[in-house]
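Since the structure of chain A is already known, use the hints to place chain B on it.
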Amino acid sequence: MIQVNQLSKKYNDTTVLNISNLEIPKGQSFGLVGNNGAGKTTFFSLLLDLIQPSTGNIKNNDIQVNTSENWKSFTGSFLDESFLIGYLTPEEYFYFVGDLRHQNKADIDALLAQHAEFFNGEILNNKKYLRDLSKGNQKKVGIIATLIGNPEVVILDEPFANLDPTTVSRLKKIIKELAENPNVTVLVSSHDLQHTVEVCDRIVALNKGEIVKDIVTSKETLQELELFFAV
Amino acid sequence: MIKKFIYLEWKAFTRSASFGANLAMKILVGFLMIYFSLIFIGGGIGVFYILKKMNLEPLQTVNRFLIYYFLFDLVIRLLVQAIPVLNIKPLLILPFKKPTIVHFSLGKTVLSFFNWIHALFFVPFSIVLVLEGYSITGIILWHLAIISLVYINNFVNIILSNIDKLFVVFIGLILALAGAQYYKLFDITIFTAPFFNGLYQSKWLFLIPIVFLIGLYLFTFQYFKNNLYLDAGLSKKEDVAATENLSWLNQFGTLGTFLKNDIKLIKRNKRSKTTIFMSVIFLFYGLIFFGNSHQPAVMHIFAGIFVSGGFLFVFGQFVPSWDSSYYQLMMTQNIPYRGYITSKWWLVVIATFVSTIIASFYLFYGWEVYLTIVVGAIYNIGVNSHLVLLGGAFTKTPIDLSSSSGAFGDKKAFNVSAMLLTLPKLLLPLGLYGLGLYLGDKTLGLLLVSGAGVLGFVLRNKVFSLIEKRYKIEKYSTISAYKQKN
Numbered sequence: 001m002i003q004v005n006q007l008s009k010k011y012n013d014t015t016v017l018n019i020s021n022l023e024i025p026k027g028q029s030f031g032l033v034g035n036n037g038a039g040k041t042t043f044f045s046l047l048l049d050l051i052q053p054s055t056g057n058i059k060n061n062d063i064q065v066n067t068s069e070n071w072k073s074f075t076g077s078f079l080d081e082s083f084l085i086g087y088l089t090p091e092e093y094f095y096f097v098g099d100l101r102h103q104n105k106a107d108i109d110a111l112l113a114q115h116a117e118f119f120n121g122e123i124l125n126n127k128k129y130l131r132d133l134s135k136g137n138q139k140k141v142g143i144i145a146t147l148i149g150n151p152e153v154v155i156l157d158e159p160f161a162n163l164d165p166t167t168v169s170r171l172k173k174i175i176k177e178l179a180e181n182p183n184v185t186v187l188v189s190s191h192d193l194q195h196t197v198e199v200c201d202r203i204v205a206l207n208k209g210e211i212v213k214d215i216v217t218s219k220e221t222l223q224e225l226e227l228f229f230a231v
Numbered sequence: 232m233i234k235k236f237i238y239l240e241w242k243a244f245t246r247s248a249s250f251g252a253n254l255a256m257k258i259l260v261g262f263l264m265i266y267f268s269l270i271f272i273g274g275g276i277g278v279f280y281i282l283k284k285m286n287l288e289p290l291q292t293v294n295r296f297l298i299y300y301f302l303f304d305l306v307i308r309l310l311v312q313a314i315p316v317l318n319i320k321p322l323l324i325l326p327f328k329k330p331t332i333v334h335f336s337l338g339k340t341v342l343s344f345f346n347w348i349h350a351l352f353f354v355p356f357s358i359v360l361v362l363e364g365y366s367i368t369g370i371i372l373w374h375l376a377i378i379s380l381v382y383i384n385n386f387v388n389i390i391l392s393n394i395d396k397l398f399v400v401f402i403g404l405i406l407a408l409a410g411a412q413y414y415k416l417f418d419i420t421i422f423t424a425p426f427f428n429g430l431y432q433s434k435w436l437f438l439i440p441i442v443f444l445i446g447l448y449l450f451t452f453q454y455f456k457n458n459l460y461l462d463a464g465l466s467k468k469e470d471v472a473a474t475e476n477l478s479w480l481n482q483f484g485t486l487g488t489f490l491k492n493d494i495k496l497i498k499r500n501k502r503s504k505t506t507i508f509m510s511v512i513f514l515f516y517g518l519i520f521f522g523n524s525h526q527p528a529v530m531h532i533f534a535g536i537f538v539s540g541g542f543l544f545v546f547g548q549f550v551p552s553w554d555s556s557y558y559q560l561m562m563t564q565n566i567p568y569r570g571y572i573t574s575k576w577w578l579v580v581i582a583t584f585v586s587t588i589i590a591s592f593y594l595f596y597g598w599e600v601y602l603t604i605v606v607g608a609i610y611n612i613g614v615n616s617h618l619v620l621l622g623g624a625f626t627k628t629p630i631d632l633s634s635s636s637g638a639f640g641d642k643k644a645f646n647v648s649a650m651l652l653t654l655p656k657l658l659l660p661l662g663l664y665g666l667g668l669y670l671g672d673k674t675l676g677l678l679l680v681s682g683a684g685v686l687g688f689v690l691r692n693k694v695f696s697l698i699e700k701r702y703k704i705e706k707y708s709t710i711s712a713y714k715q716k717n
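Chains as they are written, first to last, in our numbering: chain A, 1 to 231; chain B, 232 to 717.
Next up, chain A with everything else stripped away, as it sits in the complex (with noise of 0.2 Å):
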């Protein structure tokens, strides 16, 4: 689904991210996990053409990212606060990104009904515009958005941070459903080791822009990721 040639991205002389090969296969689950400065948000944003790569390119369904936006058409992402529109209340916000996506009112209403466990009550009728909610419900919104249309990519960058533990633990299922789905290919990117190998099934580790670890996961592969951050 996702192939990277040659990526690099340099900002004056330092190389922030340097991928050579990397293939992400369709319905596959993907982890990245990294220290800060690692570049997992740097290969998000190429991979959404937020920022220009220096070198090579990357295809998303067979798609030049860079190049053609029609790959905008499949794909959900949550990178950040800045992906939310803050004078509109959630529910308006869903079917601002439902309109975008062609998905009438009763679609958006049906998805939200179905994450109502999710958002706790604390989202929906609520009379708070988004700019006023918590970091963490903001999050709960933004994650929940991406999923609007039925993406067959769905990017979220740091998903578990801010989350108080029951959120963490639902959000967990909601992903693990997704990476069911063989139609779906869900990319994920933490500091959270455990919760990543709870639902990826491939992990990749980066340091300094440079893959390090590349791992299926299995019993022993939280394991070898602890050890291999534990310096």
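By construction, these hints were calculated from the structure, which means they are not laboratory data. A portion of the hints provided could be inaccurate.
[Unchecked claim] Okay, derived cross-link-like pairs now, DMTMM-like style, lysine to aspartate or glutamate, Cα gap no bigger than 25 Å in a straight line:
1) B:495 <-> A:80
2) A:176 <-> A:80
3) B:706 <-> A:107
4) B:706 <-> A:62
5) A:127 <-> B:418
6) B:495 <-> A:164
7) A:127 <-> A:164
Below, chain B alone, put in the same frame as chain A:
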């Protein structure tokens, strides 16, 4: 400690997104600033001799109208002067004394453009007065009092800036006073002129504004010092939200989706709401020009452009900056650039159209005047609407819509440099109209301007492709500029 603040300020200034972004714009702003400075200085020197020529006593005449001068100054400040915000939150827990923080934030406003611009008028005027034989001590005392009054306005603006829509009250007050004076019902200057004259004549009256200024400073200082808490002056106001569907816009498809969003954007954010007020004020701009025989005829088209173009200038100017806080979302959604630009274009066009209809009260001045406004609207729709969108690709100043923090919040909708940027959009129609007047008559001038508008409208698709290309080229640098918050 103050040295540390100055260090921070200097860093904030040199590292802001708008600084260093566009040299050409800076040169333009600098040029216009010099231009306005020269106008003020020239006014300061010239007004004495002009009034003298009109057989009026210069100082007394100026004194008579000072009340309007200061009221007007206050309105301008309420509208335009942004309170310079020191980034206060991180300082609270550092070993800075609270009084120092407040003194510095207030001190910063003293250096504002809106204060020293007055000096450009009053200093030359005072010098001319002294040279023309007025008492030196009298003039110095008068001058001190005037400076105090300027700074009183400065601090009044700071205190009042938290109250929305207040400038409307002041505009109403000015209009009422001026109207009453014009129709000889009530003349405020009878009561205020003796005071301003007294500043020159008596040796003690100047103390009143100075004492008042000191008192006001202490009050402002206390007010801010007491409100320097996260849940008081620095707190965010939370609005009660209601979901609106605006489903009648659904029939317009994607365009409707964007329009819905833009309507909410304008309704729910202070910064964008101000643009509506401004558009309404622009509607009345023509009153200065029409029915005023002192203005050259060529300036009529200037007014024609402005009357219908208020929204275009104050809102359109900042496309796509209005969407800056969620620009990344827009760039990852299933939106073609074309659709995005088109929807903004329609918003501007609809607003221009509505303004033109409201402006029909200008028919009172005769159909020729209204025709000028309609021609201005055609030009706005055909040419200026494209120009503002194109300019938007280069305006990379993020607008922080959510800055609704309390006493120290900077929430002014626009700044001076942005206002100045509108001038180029006026020069072309002015030239065309002038050419028409020179070669033929008014009708030819109007034909030329509206012709340019129609031509722009016809070439719309071509121009849109061009704009779209520009936006695409600028996409990455725009995203990175918008990531910088003020």
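Cross-check of the supplied hints:
| no. | hint | result |
| --- | --- | --- |
| 1 | B:495 <-> A:80 | holds, 22 Å |
| 2 | A:176 <-> A:80 | holds, 21 Å |
| 3 | B:706 <-> A:107 | violated, 32 Å |
| 4 | B:706 <-> A:62 | holds, 23 Å |
| 5 | A:127 <-> B:418 | violated, 50 Å |
| 6 | B:495 <-> A:164 | violated, 31 Å |
| 7 | A:127 <-> A:164 | holds, 22 Å |
Against the hints set out earlier in the document, violations occur for numbers 3, 5 and 6.
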